[in-house]
Amino acid sequence: MSDTTRNIAYFGMVAFLIIATGFIQSWNAALFVLNFGLISAIMALGVNLQWGFAGLFNVGIMGFVALGGLATVLISMDPVGEAWAAGGVRVILSLILGAATIVGAILAYGALPKGQVRNIGMIAILVIGFFVYRAVFDGGVAAVEAVNPANAGYLGGLGLPVLLAWPVGGLLAAGAAWIIGKTALGLRSDYLAIATLGIAEIIIAVLKNEDWLARGVKNVVGLPRPAPYEIDLQNDPAFVERVAGLGLDPVTASTLWVKLIYAGLFAAVLIGLFLLAQRALHSPWGRMMRAIRDNEVAAEAMGKDVTARHLQVFVLGSAICGIAGAMMTTLDGQLTPGTYQPLRFTFLVWVMVIVGGSGSNLGSVLGGFLIWWLWVMVEPMGLGLMNLITAGMSEGYWLRDHLLDSAAHMRLLTMGLVLLLVLRFSPRGLIPEK
Amino acid sequence: MDLLNAVVALSNFVLIPAIAYGSQLALGALGVTLIYGILRFSNFAHGDTMAFGTMATILITWGFQTAGISAGPLPTALLALPFGIAICAGLMLFTDRAVYKFYRAQKAKPVIFVIVSLGVMFIMNGLVRFIIGPNDQRFADGERFIVSVRTFKAMTGLDEGLAIKTTQGITVVTAIIVVAALFYFLNRTRTGKSMRAYSDNEDLALLSGINPERVVMVTWLIVAALATIAGVLYGLDKSFKPFVYFQLLLPIFAAAIVGGLGSPIGAIAGGFTIAFSEVMITYAWKKVANYALPDSLAPDGLAQLLSTDYKFAVSFVILLIVLLFRPTGLFAGKSV
Chain R
6 MSDTTRNIAY FGMVAFLIIA TGFIQSWNAA LFVLNFGLIS AIMALGVNLQ
56 WGFAGLFNVG IMGFVALGGL ATVLISMDPV GEAWAAGGVR VILSLILGAA
106 TIVGAILAYG ALPKGQVRNI GMIAILVIGF FVYRAVFDGG VAAVEAVNPA
156 NAGYLGGLGL PVLLAWPVGG LLAAGAAWII GKTALGLRSD YLAIATLGIA
206 EIIIAVLKNE DWLARGVKNV VGLPRPAPYE IDLQNDPAFV ERVAGLGLDP
256 VTASTLWVKL IYAGLFAAVL IGLFLLAQRA LHSPWGRMMR AIRDNEVAAE
306 AMGKDVTARH LQVFVLGSAI CGIAGAMMTT LDGQLTPGTY QPLRFTFLVW
356 VMVIVGGSGS NLGSVLGGFL IWWLWVMVEP MGLGLMNLIT AGMSEGYWLR
406 DHLLDSAAHM RLLTMGLVLL LVLRFSPRGL IPEK
Chain D
18 MDLLNAVVAL SNFVLIPAIA YGSQLALGAL GVTLIYGILR FSNFAHGDTM
68 AFGTMATILI TWGFQTAGIS AGPLPTALLA LPFGIAICAG LMLFTDRAVY
118 KFYRAQKAKP VIFVIVSLGV MFIMNGLVRF IIGPNDQRFA DGERFIVSVR
168 TFKAMTGLDE GLAIKTTQGI TVVTAIIVVA ALFYFLNRTR TGKSMRAYSD
218 NEDLALLSGI NPERVVMVTW LIVAALATIA GVLYGLDKSF KPFVYFQLLL
268 PIFAAAIVGG LGSPIGAIAG GFTIAFSEVM ITYAWKKVAN YALPDSLAPD
318 GLAQLLSTDY KFAVSFVILL IVLLFRPTGL FAGKSV
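Chains R and D are the protein sequences, given in the same order.
Here the first sequence is numbered in the working numbering, starting from 6 and rising by one per residue.
Here the second sequence is numbered in the working numbering, starting from 18 and rising by one per residue.
Watch out, some of these pointers could steer you wrong.
Calculated cross-link-like contacts (lysine-lysine; reagent style DSS-like; alpha-carbon spacing at most 27 angstroms) [unchecked claim]:
no. : chain 1 : residue 1 : chain 2 : residue 2
1   : D       : 304       : D       : 328
2   : R       : 213       : R       : 223
3   : D       : 255       : D       : 304
4   : D       : 303       : R       : 213
5   : R       : 223       : D       : 328
6   : D       : 258       : R       : 213
7   : D       : 258       : R       : 223
8   : D       : 182       : D       : 303
9   : D       : 126       : R       : 309
10  : D       : 328       : R       : 187
11  : D       : 328       : R       : 213
12  : D       : 124       : R       : 439
13  : D       : 255       : R       : 213
14  : D       : 304       : D       : 182
15  : R       : 187       : D       : 126
16  : D       : 126       : R       : 439
Pulled from the structure, derived: some chain D residues nowhere near chain R, Cβ distances all over 12 angstroms [what the hints assert, rightly or not]:
no. : residue
17  : 81
18  : 174
19  : 198
20  : 217
Where chain R lies over chain D, by a calculated footprint (3+ residues, C-beta under 8 angstroms) [said to hold, decoys possible]:
no. : stretch
21  : 143-157
22  : 266-274
To be clear, the hints were calculated from the coordinates, so they are not data collected in a lab.
Backbone N, C-alpha and C define an ideal beta-carbon position, used for all residues, glycine too.
Let the hints inform the model, and build the full structure from the sequences given.
So this is what it looks like as structure tokens:
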């Protein structure tokens, strides 16, 4: 079987799984799987860029995804004028002061001679800077958060079209990645792993606690959408007439139509990014990346700047995760920092990349769809399995109740098992790198 | 100005909790650092190993509690601890056989081991949630105190109270015993020495006739014991929640790296560094400052540097500082 027929078979299988979901469960469920599958595929592409091309071990994907989500709020929500008047300028000023402190400390580190003077000078700059920053910041935050806390209590966004948030999400993630990469790349690979793990937790902590920024755990709901609202479609006589011709009722048809619009948008982004990633992989740059991955010392001897190339690909991959994060928040229509879980947003993406085939873009896309489908379907399948196991047990028997309650946790078990089995028996993944 | 009260408040809210937390982190970091030294990879499943060992201990504790077996003034969990360790060790050895051994034979790259450990992490996490559920579990048979606030106030006549929970006392005592035993084992016994030799230079150790499989097995046993003890102490002191244990991975790794990966003494130093910084930076100093400073200087606000939600940020910043200025850690560990 040639590679092409094999790949067609794999993607045919994914299509079959999604269509089967449509027939067995509902078409809404099938489109849900499809939309999140598209987003997952984009995340997997980003991680594949880092891991597959360059061998960088990033376990902070969740943080970059969340930054993309933040971008959606910052771009698309209307600004809260009162909050800006109350303390917005003060908050921004304090952030500039904080950044200036860090830049000042870095400059002082470079300018002062090595020794006691430099240490004391840097610490003094940081400590004084911190207290000045807090003094300005705290008042501003209190003022902003006091403005209509039930509905606003934050600065709001820029009120721009929501689609603009996708590239901006990528930029935000790229900025964060640059800072992490600058400090942790060039050291041992484990250090990058720990640093990314940490920064992801911190980004989530900031999103949860800085209410002035995006309302924290109070969530920002009702984000503008690039697709029409279902209720408008249902009230639109032309739409109702058209779907009646297809024999559908307007409510179902409107939800399907909205999901299809999203699917179209996401597919366009995925195809664009996929083509770019393919071009990158087969360009001199891609060959250089793989050469660095396979033998850093040799690549360095050939005059390649390994650390700079790593930084470059790390920033690019994280930006793609940021774009995917912005798309996901757009699809959800709300930013809920409480729902970001590392197992779901970091480690699941890793399973996708490994199962699909690290180093292969097509494999990552396949892994994204396949593993997402599995993630969604394991729960009902687990429940079915548990029903089967417990069928013989009497009603109210403790083991029966326990097994039925625990079916939801089958997901993690299954994902771990899939990852270990693929690593053991097919370590190059379903579609191996050529 | 009331220095004595300030000292008491400081001990009550900062020193005692930080010492207990530091001991727990140190035990966790010792496990990470041992695996790093002997098996040469960062084990991402360590948090979930702790959760699994703790869960086994909790289930047995509940059994003891229903059977009416208790340890007098000490928590029942201490009686159940050896059984928990045995179960956890069984799982570790099984995992090693079923999963890691294959990659060792292949001489796979360390990063492959790390990814494999991600798979193990998923499975253990699922297992724990499957068996005991994702919710909070308390198993300390009620709060008990070595010194309670009331007796302390009655004893000293001070305004500030000092409380030392039994669990905090046990944490520190257990940690000292475990660390002493571990160091005795590593430095004085034949097996311990062979482990250190294997960690320093694998090829030389093999040439000297050290059996690598035995070293690996002993390492997993010790790691299972350390992880279970750390997990049970943490659970007794606070409470057991699978997700929290997963999140402990970050401060534990930070502790191991700050101390120097692969260096046991570094893991302990790192654990206390992280614990003290975390507690001190997220503590609201108002109370202590009110006692220690003259009225005119007393702070208006809480005098809290960072809110407690940012405690991860503290471990992270310390980690960054160490990575930037001293990448091998405080006690030069391995820099592979």
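To see whether the hints hold, each was checked on the structure:
1. D:304 - D:328: Answer holds: residue 304 of chain D to residue 328 of chain D is near 20 angstroms, not above 27 angstroms.
2. R:213 - R:223: 8 angstroms, holds
3. D:255 - D:304: Distance ~23 angstroms between residue 255 of chain D and residue 304 of chain D Cα, so the pair holds.
4. D:303 - R:213: 25 angstroms, holds
5. R:223 - D:328: Roughly 21 angstroms between the alpha carbons, so the hint for residue 223 of chain R and residue 328 of chain D holds.
6. D:258 - R:213: Answer holds: residue 258 of chain D to residue 213 of chain R is near 20 angstroms, not above 27 angstroms.
7. D:258 - R:223: Roughly 24 angstroms separates the two Cα atoms, so the pair holds.
8. D:182 - D:303: Holds, at roughly 23 angstroms.
9. D:126 - R:309: It holds: about 23 angstroms lies between the C-alpha atoms, which stays within 27 angstroms.
10. D:328 - R:187: 23 angstroms, holds
11. D:328 - R:213: The hint holds at about 13 angstroms.
12. D:124 - R:439: 23 angstroms, holds
13. D:255 - R:213: 23 angstroms, holds
14. D:304 - D:182: This hinted pair holds, its Cα atoms lying about 21 angstroms apart.
15. R:187 - D:126: 25 angstroms, holds
16. D:126 - R:439: Between residue 126 of chain D and residue 439 of chain R the Cα gap is close to 20 angstroms, so the pair holds against 27 angstroms.
17. 81: 19 angstroms, holds
18. 174: The claim holds: residue 174 of chain D sits with its nearest Cβ about 37 angstroms from chain R, beyond 12 angstroms.
19. 198: 28 angstroms, holds
20. 217: With a cut-off of 12 angstroms, residue 217 of chain D remains clear of chain R, as the shortest Cβ separation is near 18 angstroms.
21. 143-157: holds (count 7)
22. 266-274: Three-residue rule met by the stretch 266-274 of chain D, so holds; n is 5.
Going down the numbered hints, you'll see the structure goes against none, and every one checks out.
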